[in-house]
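**Student:** Kindly produce the complete structure, drawing on both the sequences and the hints.
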Amino acid sequence: QVQLVQSGSELKKPGASVKVSCRASGYTFTRDAMNWVRQAPGQGLEWMGWINTNTGNPTYAQGFTGRFVFSVDTSVSTAYLQISSLKAEDTAVYYCARDLGIGWYLDFWGRGTLVTVSS
Amino acid sequence: QSALTQPASVSGSPGQSITISCTGTSSDVGGYNYVSWYQQHPGRAPKLMIYDVINRPSGVSNRFSGSKSGNRASLTISGLQAEDEADYYCSSYTGNSIVLFGGGTRLTVL
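Each protein sequence line maps, in turn, to chains A and B.
So the first sequence is residues 19 to 137, counted in the numbering used here.
So the second sequence is residues 909 to 1018, counted in the numbering used here.
Take the hints with a grain of salt, since some may be wrong.
[As the list claims (entries may be wrong)] The following residues of chain A were derived to be distant from chain B, with all beta-carbon distances above 12 Å:
#1 Gly26
#2 Gln61
#3 Asn72
#4 Phe86
#5 Glu107
#6 Thr109
#7 Trp127
[Claimed, not checked] Computed cross-link-like contacts, DSS-like style, restricted to lysine-lysine with a CA-CA straight-line distance of at most 30 Å:
#8 Lys31(A) x Lys105(A)
#9 Lys955(B) x Lys976(B)
#10 Lys105(A) x Lys955(B)
#11 Lys37(A) x Lys105(A)
#12 Lys30(A) x Lys105(A)
#13 Lys976(B) x Lys30(A)
#14 Lys37(A) x Lys955(B)
No lab work stands behind these hints, which were simulated from the structure alone.
Every residue, glycine too, gets a C-beta built ideally from N, C-alpha and C.
**Tutor:** So this is what it looks like as structure tokens:
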């Protein structure tokens, strides 16, 4: 069965970087795209963008350019989200979610990774 | 781009039907049949409930249905059950490989 296993919670200081991983299993990783979604505490979902897992080509939503980088390692069926120059407002749960590429919907989600930015 | 517009909250009694709206523009909701709906219980990951406006994934109850008219999409839940109490989010394709979420609606089952 499809599974997206995300890395554990992170506590980082402002200005640091963090790399969140999302390991996929149960399907052919390079067939489907991987999306990233942010949810700040008590807030709604924000779509951050997606990455073509076959070509490694990323697409970023407005507001997620510059400090946010999507990447993949197809040898271990894993997608990554790296955030640099962390700010307090980056504190959120970050979800990876698969989309089949035949419509713009997310059919399987990881459990989320909490990133806390605090001095 | 601003989030799609959803009511902050809706409520209903068990057995009743409720509808959650999702209003966008002709550049997103009205321009494509790529509206989806997600259910999120507290502390849990979102779950896909409706895709491509009207389709239900396997395993989702047929009490959930989706529709669209113009720039407004809707999620209807019939025969409300206590387990339906959750946050619901719509999303839509907006062109240029970009997706937008709605602000979310909290459903309370009275």
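**Student:** Please go over all the hints and tell whether each is borne out by the structure.
**Tutor:** For each hint, the structure was consulted:
no.	hint	result
1	Gly26	holds, 15 Å
2	Gln61	violated, 8 Å
3	Asn72	holds, 15 Å
4	Phe86	holds, 15 Å
5	Glu107	holds, 17 Å
6	Thr109	holds, 16 Å
7	Trp127	violated, 4 Å
8	Lys31(A) x Lys105(A)	holds, 8 Å
9	Lys955(B) x Lys976(B)	holds, 20 Å
10	Lys105(A) x Lys955(B)	holds, 29 Å
11	Lys37(A) x Lys105(A)	holds, 14 Å
12	Lys30(A) x Lys105(A)	holds, 9 Å
13	Lys976(B) x Lys30(A)	violated, 43 Å
14	Lys37(A) x Lys955(B)	holds, 24 Å
This entry does not satisfy hints 2, 7, 13, going by the numbered hints stated previously.
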